[in-house]
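Going line by line, the protein sequences match chains A and B.
When we follow this note's numbering, the leftmost residue of the first sequence carries the number 1, and every step to the right adds one.
When we follow this note's numbering, the leftmost residue of the second sequence carries the number 1, and every step to the right adds one.
The hints are simulated quantities; they were obtained by calculation from the structure and are not laboratory data.
Derived CB-CB ranges, DEER-like:
{"hint": "1", "chain 1": "A", "residue 1": "V232", "chain 2": "B", "residue 2": "F180", "range": "30 to 40 Å"}
{"hint": "2", "chain 1": "A", "residue 1": "K210", "chain 2": "B", "residue 2": "A276", "range": "30 to 40 Å"}
{"hint": "3", "chain 1": "B", "residue 1": "P7", "chain 2": "A", "residue 2": "T89", "range": "48 to 58 Å"}
Nothing here was measured: the structure is a model prediction, and the numbers come from that model.
We put the beta carbon where it would ideally sit given N, CA and C, even for glycine.
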Amino acid sequence: MTAAIVNTPAETAHAKTAKTAIDRVGLPGWLQALPFGLVFLSFFVIPLILVVIVSFWDYNDYEMLPSFTARSYTENFEGCLAQLPDLCTILRTYVSTAKFCFIVWVTTLVIGFTVAYFLAFHVRSTTTQMVLFMVCTIPFWTSNVIRMISWIPLLGRNGLVNDALVHAHIVDHPVEWLLYSPFSVSLAFTHLFTFFMVVPIFNSMMRIDKRLIEAAYDSGASGWQTLWNLIVPLSKPGIVIGSIFVVTIVMGDFITFGVMGGQQIASAGKVVETRLNALQFPPAAANAVILLVVTLMIIVALNRIVDVRKEL
Amino acid sequence: MGEGRSPAFYWLAAFFALFVLFLYGPMIVIFILSFQGPTGGLTFPMNGLSVHWFERLWKGGGIVDIQGAFLRSLELGFVVMILTVLLSLSAGLAFRKRFAGSNLLFFVAVASLIVPSIVTSLGIALEFRLLDDFLKKHGPAWIANNLTTTMGTFTSGLGAHLTWTLPFGLLVMFAIFNRFDNRYEEAARDLGASPWQTLRYVVLPIILPSVIGVGLFGFTLSWDEIARSSQAMGEHNTLPMELQALTTTVTTPEIYALGTATTGVSFAVIALAIFAIMVIRSRQARHGSDAGQA
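Chain B on its own, in the form it takes in the complex:
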C-alpha cells in the first residue's frame, strides 16, 4: 500500500471506464437520435439534424395528451418532494428517541421498499374501488350521486408514490443523524434553547444540504415512477406511464425526443439540487454555521 500503482489498479480502472460507458453509452445514443431529421428512423444513420420530433411531441402529434401528463407529473413530483422532506424529517427526528412501535414502523417502511410494487399498486387500487363502492351505496346523497371515483393523481396516486419515496427518505435521515454530532444540540440546550429553537437554528442549518438531497430523492423517484402508479393513478396517466405505453405503439424518434425531454428535467433538478447544496456548503465554510443568527 502507499507505493506506486499496482497492475490491478489499471485493470480495475479499465473495468470502471467500461462500466461508465455501459451506463451512459445507450442514453447518449438516444439523445443524439432524438435530433434525427424529419425522415430519420429509430436507428442510425442520422438523416439530417433537426428538432422536428420535439416539435411534434409538444404539439401532441397524434399521440396522447403529453403536455397534460408532463404537467401532472411535474405537479405530483413537487407535492411528493415537499411531503417526503417534511414527513421523513419528522420521522427521522422521532427515530432518534425511543418510541412505542418504532421497530414496527421501521419494519413496515423497509417492507414497502421490498414488497413488489405491483402488489402495493393492486392493493391501493382495491382500497379505492371498495371505498367507491361503499360511498355509492352508503354515502350521503350529495356524494353518492356525484361520485365517479375517489381515485386520482393526488389521492391514490400520491399515496402510492409516498410509499416509494418515504422509505428512501427515512434511510437517508438515518444516515444523516448517524453522523450528526449530538454535542451541538446539547450545547444549544445548555444555553437555554427550546427544542424548536434547537431544531430551527442548530440542527436544520447543519443538516440542510442532506435535506435537499432527500427532496431530490423525492422528486426524481416520483418523476420516474411507473410500477406503483400503474394501477393507482385513476383516469389520468403520468408521463412515464405514457412513455411506457408508447414503447409498444410508436415507431418514430418521437419517443426518443420524449425520453430526452424527460431526462432533461431530471438532470435540471439534479443540477439545481447540487448547486443549492454547494452554495450552502460554501456559506457554511465562510461563516461557520449560521446557527443562532436569528
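Just chain A, same shape as in the assembly:
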C-alpha cells in the first residue's frame, strides 16, 4: 500500500521533500487508517444517522414521506399507559427478550467460565491447551443456521431425544416443547454463542500470574477460595466483555428466534424485521432506534463494571 507512494520513481522535486519525511517516519497514521475509516463512515455511521432521521418520517402504504413526526414512535406505545399494570405488546416483547438475554447469559457464563477455567488452569501442556482451544473455536467458523437446523433431528417430534424418552418409558407420547419453543431458542443461543464467553475469559485467565495461585495455595486457601477470591475477580474483564457480546447478540437477534422458535416467538430484533418485511421503513427505523437505545443502556451499565478498552 505504502509502496505506491514511497517507491514511485517519477517524483517531482517538490514532492521529494515530502518523500524524505515519509522515508523517515512512514505514512502518517491517519492516512493509513483512512480506508478503514471510510468504510465505517459510509456503511455504519451514515446509515445509523439515516435510521434516526427516517424514524421521524411519515409513511403511507407504499412510500416514506420526508417530514417530522413522532408517529412511528407513538404508534408503538399506543395504549401502553392505559393498559397498565398489564403490559402492551412492545413492552411484553422487550420483557420477553430480556428474559431470554438473562437465561442465555447465565448458561453461557457458567459453561464458558468452566471451560475456560479447565483450559487455563488444568491443562498443563501449552500445545494441548491450544489444540483444545481450537476445538472449541472451529464451530464458530461454520454457519449459524446450519448449527441451528442440526438440532432438528435431535429435538423434533420423532427425533433422537423423544425416541429415547419414549423407549425408556419416561413419557408416553413424544413431548412437543423440545423444538420450536423457548427451550430450543435458549438451547440454540447457548450452543452458538458460548464461544463469545470462552475466548475473552480464557484470555483474561491466561494473564493471571500463576505465582498468585501458588501464593494462595501456600497461604492455605482451599480450591474454592482460590477460585472465588482470586480467579473470578481477576477474570472479570473477560467476563464483562463476553457478557456484552452475548447480551447484545440476543437482544438484537431475529434469526435464531425465527428459525428455532418456528417464527412464533417475538423478540426485539424480530419486531424490526417484521416491519421491514412490510416495507414500512419509518416504523422499522423507530423500532431500531428503541432497540439501539436499550442495547446501549445495557452496555453502559456493564461498562461501569470495567473499562473494556484497557483490557484489550
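Given the coordinates of chain A, work out where chain B should sit on it, guided by the hints.
Just chain B now, with coordinates in the frame of chain A:
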C-alpha cells in the same frame, strides 16, 4: 500445584468432553443424515446411504438458484477476505502511532460489532434507497433513465460485510502488535531500511501467519453472514440467506445436504489457512526469519 491430578481435574475434563459433544454432536448428526437414501426423511432411521440429496441440490431440484448463490457467496467472501486483510493491516499499523481521531475510530469499530446487525442492515438499505431516489430525480439522464437500483452484492452487500469483518480484523491486529517485538523494526531502521522496506522485509514476514488468520476470519465471517446481509444484498441472496429461507419451506434432507456442503467449504478454508500457517512457521523455524533476503 504440580503434584498429581486433583479430583477436580477429572470432573472438569468430563465437563469439557460433554461441552465438545454438545458443540459437535448435532452437526455430526446432520452430516450423517445428509447421506440419507432417496426415501429417507429428516430424522433417523437412515433409509439406505446415497448422495441423492446432494445431486438434487446441485441440479437445483425445484428450489431456488443454489448454484448462483453458492458462487456469489464464494466471490463475495473472497473480496471481503482481501479487503479485510489490507484495510485491517493498514489500520493496525496506524494504531501503533498516535493519530487524530484514533480513539473515535476504535470506538466506531467496536460499536459496529455491538450495534444489532439488523439496525446496521436497515441503515444501509435506507442509505441506498435514498441514493436511488436521489439519482433518479437529480442524476444525469444516462443514469436516471437506466438505473434500477444501486444496491447489490458488491456495493451495499460488500459494505455490510466489511462492517462485520473489519472490527474483528482490527482486534486481531491489536493482539498481533501487542506481542510484536519493536526491536526488530528499530534494528532495521538503524541499518538504514526505509519504512516500506522495514514493513515488507521485516514486519510482514514475522506477522504473516497471523495475517493469514485475519484473512480466514474475513472469509468465514462473510461466508456465513446473514443478519447484516438480510436487508442489504439487493435482489440476489447469498447462500446462508437461501439456507435460512429454506428452513421454513423444505422438508427433505436436501437442506442437510446444503448444510454439509456449506460447512465443507468452511472446513476446507480453515484447513487451507492452518496448513499455510504451519508451512510458514516451519520455514521460519528452519531458516530463521527470511527477513532481509530480498
